[in-house]
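Peer 1: Sequence order for the protein chains is A and B.
Under the numbering used here, the first residue of the first sequence is numbered 51, with each subsequent residue one higher.
Under the numbering used here, the first residue of the second sequence is numbered 36, with each subsequent residue one higher.
It cannot be assumed that every hint is accurate.
As the list claims (entries may be wrong) - Below 27 Å or equal to it, Euclidean Cα-Cα: the simulated BS3-like pairs (lysine-lysine) are:
| # | chain 1 | residue 1 | chain 2 | residue 2 |
| --- | --- | --- | --- | --- |
| 1 | B | LYS433 | B | LYS395 |
| 2 | A | LYS173 | B | LYS657 |
| 3 | B | LYS433 | B | LYS631 |
| 4 | B | LYS529 | B | LYS556 |
| 5 | A | LYS503 | B | LYS507 |
| 6 | B | LYS507 | B | LYS553 |
| 7 | B | LYS626 | A | LYS503 |
| 8 | B | LYS577 | B | LYS513 |
| 9 | B | LYS560 | B | LYS516 |
Stated by the list, open to error - A short list of chain A residues far from chain B (calculated; beta carbon distances all over 12 Å):
| # | residue |
| --- | --- |
| 10 | LEU117 |
| 11 | PRO230 |
| 12 | ARG241 |
| 13 | ARG320 |
| 14 | GLY423 |
To be clear, the hints were calculated from the coordinates, so they are not data collected in a lab.
Where is the CB? At the ideal position from N, CA and C, for every residue including glycine.
Okay, here's what each chain looks like letter by letter:
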Amino acid sequence: METDQALNNDLICAIATPPGQGGVGIVRLSGEGAHTIAAELCKNPLRARTAVYTDFFDAEELLDNGLALWFPGPNSFTGEDVVELQGHGGPIIQHRILNALCQRGARLARPGEFSERAFMNGKLDLAQAEAVADLISSTSIAASKAALNTLKGAFSQMVTAIALDIANMRVRVEAAIDFPEEDIEILQEARVAQDIAKTITSLESILAQANQGRLINSGISVALIGKPNVGKSSLLNALAGEEAAIVTNVPGTTRDLLKVDLVIDSLPIRLVDTAGLRESDDEVEKIGIARAKAQAMEADLTLYVAAADEITTQVNVSDLGKNLASLLGSNDTAAEMPTSNILLVINKSDLNLAAGAPEDVASVRVSAKTGEGLDLLKKAIQESVGFGQENVPFAARQRHILIIQDTLAKVNAAADALAQNLGAEFVAEELFIAHQCLGEVTGIVTPDDLLGKIFSEFCIGK
Amino acid sequence: MQYPEQFDVIVIGGGHAGTEAAAASARMGAKTLLLTQSIETLGQMSCNPAIGGIGKSHLVAEIDALDGVMGLATDQAGIHFRVLNASKGPAVRATRAQADRTLYKNAVREILEHQPNLQMFQQSVVDLVVENDNVVGCETQMGLIFRSKTVVLTTGTFLGGKIHIGDQQQSGGRAGDPPSIALAERLRALPFRVGRLKTGTPPRIDGRSVDFSELESQLGDDPRPVMSSMGKRSYHPKQISCHITYTNANTHQIITDNLSRSAMYSGAIEGVGPRYCPSIEDKVVRFADKSSHQIFIEPEGLNTTELYPNGISTSLPFDVQLQFVRSMQGFGNAHISRPGYAIEYDYFDPRDLNHSLETKVLEGLFFAGQINGTTGYEEAGAQGLLAGINAARKCQDKSPWEPRRDEAYIGVLVDDLINLGTTEPYRMFTSRAEFRLRLREDNADQRLTPMGLEFGLVGPLRRAHFEEKLSKVEAFKKQFKGTCILPGSDLDQKLALNLRKETTLEEALRRPEVDSEKISKALDKPLTEENGDAHPDAQALKQLEIETKYAGYIKRQDDEILKLRRHEGMLLPASMDFSQIDGLSNELKQKLQHHKPDSLARAARIPGMTPAALSILLINAKAASKNSTKASTL
Numbered sequence: 051m052e053t054d055q056a057l058n059n060d061l062i063c064a065i066a067t068p069p070g071q072g073g074v075g076i077v078r079l080s081g082e083g084a085h086t087i088a089a090e091l092c093k094n095p096l097r098a099r100t101a102v103y104t105d106f107f108d109a110e111e112l113l114d115n116g117l118a119l120w121f122p123g124p125n126s127f128t129g130e131d132v133v134e135l136q137g138h139g140g141p142i143i144q145h146r147i148l149n150a151l152c153q154r155g156a157r158l159a160r161p162g163e164f165s166e167r168a169f170m171n172g173k174l175d176l177a178q179a180e181a182v183a184d185l186i187s188s189t190s191i192a193a194s195k196a197a198l199n200t201l202k203g204a205f206s207q208m209v210t211a212i213a214l215d216i217a218n219m220r221v222r223v224e225a226a227i228d229f230p231e232e233d234i235e236i237l238q239e240a241r242v243a244q245d246i247a248k249t250i251t252s253l254e255s256i257l258a259q260a261n262q263g264r265l266i267n268s269g270i271s272v273a274l275i276g277k278p279n280v281g282k283s284s285l286l287n288a289l290a291g292e293e294a295a296i297v298t299n300v301p302g303t304t305r306d307l308l309k310v311d312l313v314i315d316s317l318p319i320r321l322v323d324t325a326g327l328r329e330s331d332d333e334v335e336k337i338g339i340a341r342a343k344a345q346a347m348e349a350d351l352t353l354y355v356a357a358a359d360e361i362t363t364q365v366n367v368s369d370l371g372k373n374l375a376s377l378l379g380s381n382d383t384a385a386e387m388p389t390s391n392i393l394l395v396i397n398k399s400d401l402n403l404a405a406g407a408p409e410d411v412a413s414v415r416v417s418a419k420t421g422e423g424l425d426l427l428k429k430a431i432q433e434s435v436g437f438g439q440e441n442v443p444f445a446a447r448q449r450h451i452l453i454i455q456d457t458l459a460k461v462n463a464a465a466d467a468l469a470q471n472l473g474a475e476f477v478a479e480e481l482f483i484a485h486q487c488l489g490e491v492t493g494i495v496t497p498d499d500l501l502g503k504i505f506s507e508f509c510i511g512k
Numbered sequence: 036m037q038y039p040e041q042f043d044v045i046v047i048g049g050g051h052a053g054t055e056a057a058a059a060s061a062r063m064g065a066k067t068l069l070l071t072q073s074i075e076t077l078g079q080m081s082c083n084p085a086i087g088g089i090g091k092s093h094l095v096a097e098i099d100a101l102d103g104v105m106g107l108a109t110d111q112a113g114i115h116f117r118v119l120n121a122s123k124g125p126a127v128r129a130t131r132a133q134a135d136r137t138l139y140k141n142a143v144r145e146i147l148e149h150q151p152n153l154q155m156f157q158q159s160v161v162d163l164v165v166e167n168d169n170v171v172g173c174e175t176q177m178g179l180i181f182r183s184k185t186v187v188l189t190t191g192t193f194l195g196g197k198i199h200i201g202d203q204q205q206s207g208g209r210a211g212d213p214p215s216i217a218l219a220e221r222l223r224a225l226p227f228r229v230g231r232l233k234t235g236t237p238p239r240i241d242g243r244s245v246d247f248s249e250l251e252s253q254l255g256d257d258p259r260p261v262m263s264s265m266g267k268r269s270y271h272p273k274q275i276s277c278h279i280t281y282t283n284a285n286t287h288q289i290i291t292d293n294l295s296r297s298a299m300y301s302g303a304i305e306g307v308g309p310r311y312c313p314s315i316e317d318k319v320v321r322f323a324d325k326s327s328h329q330i331f332i333e334p335e336g337l338n339t340t341e342l343y344p345n346g347i348s349t350s351l352p353f354d355v356q357l358q359f360v361r362s363m364q365g366f367g368n369a370h371i372s373r374p375g376y377a378i379e380y381d382y383f384d385p386r387d388l389n390h391s392l393e394t395k396v397l398e399g400l401f402f403a404g405q406i407n408g409t410t411g412y413e414e415a416g417a418q419g420l421l422a423g424i425n426a427a428r429k430c431q432d433k434s435p436w437e438p439r440r441d442e443a444y445i446g447v448l449v450d451d452l453i454n455l456g457t458t459e460p461y462r463m464f465t466s467r468a469e470f471r472l473r474l475r476e477d478n479a480d481q482r483l484t485p486m487g488l489e490f491g492l493v494g495p496l497r498r499a500h501f502e503e504k505l506s507k508v509e510a511f512k513k514q515f516k517g518t519c520i521l522p523g524s525d526l527d528q529k530l531a532l533n534l535r536k537e538t539t540l541e542e543a544l545r546r547p548e549v550d551s552e553k554i555s556k557a558l559d560k561p562l563t564e565e566n567g568d569a570h571p572d573a574q575a576l577k578q579l580e581i582e583t584k585y586a587g588y589i590k591r592q593d594d595e596i597l598k599l600r601r602h603e604g605m606l607l608p609a610s611m612d613f614s615q616i617d618g619l620s621n622e623l624k625q626k627l628q629h630h631k632p633d634s635l636a637r638a639a640r641i642p643g644m645t646p647a648a649l650s651i652l653l654i655n656a657k658a659a660s661k662n663s664t665k666a667s668t669l
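With the sequences and hints as input, model every part of the structure.
Peer 2: Right, dumping it as structure tokens:
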């Protein structure tokens with residue numbers, strides 16, 4: 051088996067335009083089969099070196115429309131088959147297109163990989179080589195920093211725990227293979243099956259919790275919650291920069307949820323305005339309030355909007371919790387809501403009241419009316435979901451999610467191999483690859499590391 | 036005096052590496068001299084009397100596929116054969132044989148004595164003859180000089196050997212062998228890196244003093260496997276059983292009470308022992324919660340009563356050895372015929388070798404076997420074979436053979452050693468091979484024999500045997516493809532397929548519950564034994580079964596693994612100065628400078644390597660090669 055050529059032009063894809071909102075957003079695809087899966091997305095035949103105006107689909111769902119350009123290799127930027135899908139830009143759409151491509155066999159390109167391929171295929175001259183190396187070096191530093199950022203916190207703990215679970219399973223399976231004569235019951239198939247099932251559950255829950263699907267498909271969701279007439283809808287409009295919500299000064303105007311998609315410095319956000327929370331006899335409004343409460347629970351971030359004149363005394367976390375609890379009408383609900391997901395927004399700062407400053411609550415003072423503090427609010431929203439500069443963490447996070455999806459597929463395959471009684475080495479092989487996948491996030495475990503674990507856990511040796 | 040004839044290849048050392056090396060280079064037509072301290076001990080099994088086992092039998096199969104000695108000798112000497120992992124998949128099934136030490140030695144010597152182009156000479160080597168950084172021969176104890184184009188050094192643990200029995204120490208190689216000091220001095224003067232390892236042996240027991248009625252007995256397998264693909268059961272001598280006993284609380288107490296007298300625990304030993312082969316002291320200390328350890332009692336041979344109790348290697352003093360041995364079931368009156376001991380020895384850091392096993396320090400000098408930090412007859416034999424091949428190829432002005440990791444366990448072994456070195460005696464495990472599914476015992480010939488034929492390494496008998504197997508597999512494949520099974524037909528019922536629609540026999544074979552035995556029975560051509568040996572078609576049919584059943588799976592796994600690798604074939608120029616490459620971390624620069632990988636594949640296996648760093652290496656390598664092409668065209 052030759053280990054070189056065939057695998058070096060596997061299909062890669064990436065967003066080719068700078069992050070953020072732009073007039074045109076280009077998704078580029080390079081490698082063997084680029085033309086085939088692009089045509090599948092377009093449901094249209096592509097013509098070489100010709101712009102084809104087409105819709106882009108993910109299965110039956112229309113994602114965007116725009117131009118598809120096919121550059122058959124070797125006459126392309128990378129020297130391979132390249133397709134560019136030029137749509138309407140916007141990270142949400144672009145990421146959905148990337149997702150659709152990845153589901154059909156492409157993978158996200160590593161930093162600088164298009165240039166690397168171009169260079170390897172003689173499309174860039176020697177003088178440019180250095181630049182490419184620099185590019186890879188610098189972007190990978192940024193990416194690894196970003197990866198590090200996303201690896202802080204619960205997400206990373208979960209991934210690390212799963213990697214450990216897989217390592218432990220591998221220890222048992224590999225020990226059973228390499229040391230079948232030891233007087234230890236290393237491989238109890240039932241136990242391995244159980245461990246695999248447990249890992250599958252963990253991986254599935256991490257995927258669910260990572261929320262990345264939602265993040266990619268609709269951005270993060272931010273709910274505006276507060277008493278009536280504190281200016282939630284005004285704030286929404288100020289953020290959206292357009293009159294998306296109906297804003298009046300009659301309490302209870304917003305009776306149902308109003309959703310606005312907007313992008314703040316390339317972070318896609320679904321902002322949900324809710325009915326003001328108050329006791330109401332109006333049936334329609336009651337339903338609206340119930341929905342608002344539900345929305346507050348589901349949102350990635352809840353902006354608890356209070357008018358400056360509402361906050362006249364010192365506020366602290368427990369006050370806020372209590373406030374919110376009473377607003378939501380239940381202590382339980384409030385207890386379930388982590389305060390880290392709540393941002394206190396003190397609106398109507400233009401009233402210029404000498405309001406009490408919140409102590410240990412994250413808070414921002416804004417004026418939806420004058421626009422004062424809006425930039426701070428935008429920044430606070432981004433930071434609250436771990437979104438830094440340059441859009442890098444978002445991509446890094448997405449890469450991690452894809453890795454976890456791959457890992458899950460392999461662990462599922464291990465479960466199948468075990469169920470089909472294929473032989474321990476087939477189970478071992480799937481777990482090995484699963485471990486390798488996850489290794490991109492957690493670091494690779496070498497065969498020798500694994501042997502070390504085996505020898506430290508089991509008394510092996512004749 | 037200078038010996039009148041000149042040789043192509045001189046092999047120093049007559050252990051498992053030396054004998055394979057000498058036989059291989061002679062098979063390739065190189066004029067070969069084997070220099071050994073004792074012709075009597077050629078092919079001596081100095082540790083436990085067994086060949087094969089998991090990972091190891093894979094190496095034996097590869098040696099065998101290249102027409103080497105080990106598999107053939109094992110079939111002459113094996114007194115107890117088993118297939119390990121029989122219930123698991125084909126890639127990890129492994130044949131293991133207990134061998135009669137004397138029969139084994141005799142078989143090896145017989146093969147060597149019948150090998151054309153090979154001569155033997157009994158004498159210690161005291162020095163190498165070096166001219167212009169090229170090894171051109173060696174000098175023996177009596178001042179005799181043999182000249183050659185290449186030298187393969189396979190002298191095992193002869194370097195700085197120190198034996199520990201409790202608090203007593205003595206210099207030496209294996210028990211009974213004198214250490215070859217002079218040659219060691221010579222090698223130490225060269226810029227090789229040297230490390231220190233240790234290993235242990237158990238006390239040997241006189242079987243007449245053991246009550247076997249108190250031991251569990253373990254029979255060999257029936258049907259009995261053979262080690263060589265050309266082996267026959269009729270070659271096997273008489274078969275006997277192994278036995279199993281256990282340590283107990285009393286044994287552990289005796290050991291614990293005397294720990295301070297163990298060379299290992301008193302600090303007298305500085306070398307690093309293997310993690311997979313801990314001494315009994317180690318087991319008792321590290322796994323204190325285990326109340327009992329299993330001890331395999333291996334017979335040393337048919338005509339000796341000596342036993343090898345596998346699992347109690349020790350460096351405790353003799354009186355303690357006797358005490359704890361006698362605490363085990365069936366060993367109440369045991370007589371120790373040879374005390375157990377720990378041996379410390381120096382090894383040459385294999386990172387100073389090329390993948391051909393030629394040293395980077397002296398051209399024409401090859402190292403193989405335990406001297407490179409490995410353990411085990413099979414690991415030694417595999418390296419010996421490779422060194423012998425490459426020494427002969429060097430004489431023929433041919434490029435060295437460097438088996439890849441996806442091609443052979445030999446490739447995995449050498450690649451691991453040369454890339455990463457080792458800190459404990461290196462032993463093969465299947466988990467070291469990422470292409471485990473394709474590196475099987477059953478297909479070793481298909482993987483390697485064609486290569487062996489190309490090298491002129493494989494003789495006419497094996498060639499005929501191999502070609503016959505291939506044509507049989509091909510014929511079965513054709514037949515199975517062309518045999519249609521209709522729902523409800525005779526075959527459908529006999530194979531219990533419950534077909535809904537027509538299928539082929541080949542498709543039926545893909546099912547997990549259908550195997551070659553069932554099919555041959557259903558076809559009324561049962562694979563019955565002939566003259567006490569497996570049916571001549573059995574091997575080919577089994578091969579077809581494995582290939583048919585697992586082909587798709589193996590292909591998919593290959594793809595998965597290959598996806599994780601890129602541009603692995605890209606060579607890194609020897610002149611590459613890793614410290615001058617921008618964008619690499621200082622830590623990686625140092626590691627790269629240290630390992631000096633000659634390809635991207637090898638760089639990728641250096642611990643701590645990252646995808647980004649590989650990309651940077653790739654681009655620099657490509658740029659360097661473009662530069663040099665440019666320069667040469669100017």
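Peer 1: A separate judgement is required for each hint: does it hold in the structure or not?
Peer 2: Outcome of the hint check:
{"no.": "1", "hint": "B:LYS433 x B:LYS395", "verdict": "holds, 18 Å"}
{"no.": "2", "hint": "A:LYS173 x B:LYS657", "verdict": "holds, 13 Å"}
{"no.": "3", "hint": "B:LYS433 x B:LYS631", "verdict": "holds, 24 Å"}
{"no.": "4", "hint": "B:LYS529 x B:LYS556", "verdict": "holds, 9 Å"}
{"no.": "5", "hint": "A:LYS503 x B:LYS507", "verdict": "violated, 44 Å"}
{"no.": "6", "hint": "B:LYS507 x B:LYS553", "verdict": "holds, 18 Å"}
{"no.": "7", "hint": "B:LYS626 x A:LYS503", "verdict": "holds, 24 Å"}
{"no.": "8", "hint": "B:LYS577 x B:LYS513", "verdict": "holds, 15 Å"}
{"no.": "9", "hint": "B:LYS560 x B:LYS516", "verdict": "holds, 17 Å"}
{"no.": "10", "hint": "LEU117", "verdict": "holds, 31 Å"}
{"no.": "11", "hint": "PRO230", "verdict": "violated, 5 Å"}
{"no.": "12", "hint": "ARG241", "verdict": "holds, 17 Å"}
{"no.": "13", "hint": "ARG320", "verdict": "holds, 34 Å"}
{"no.": "14", "hint": "GLY423", "verdict": "holds, 40 Å"}
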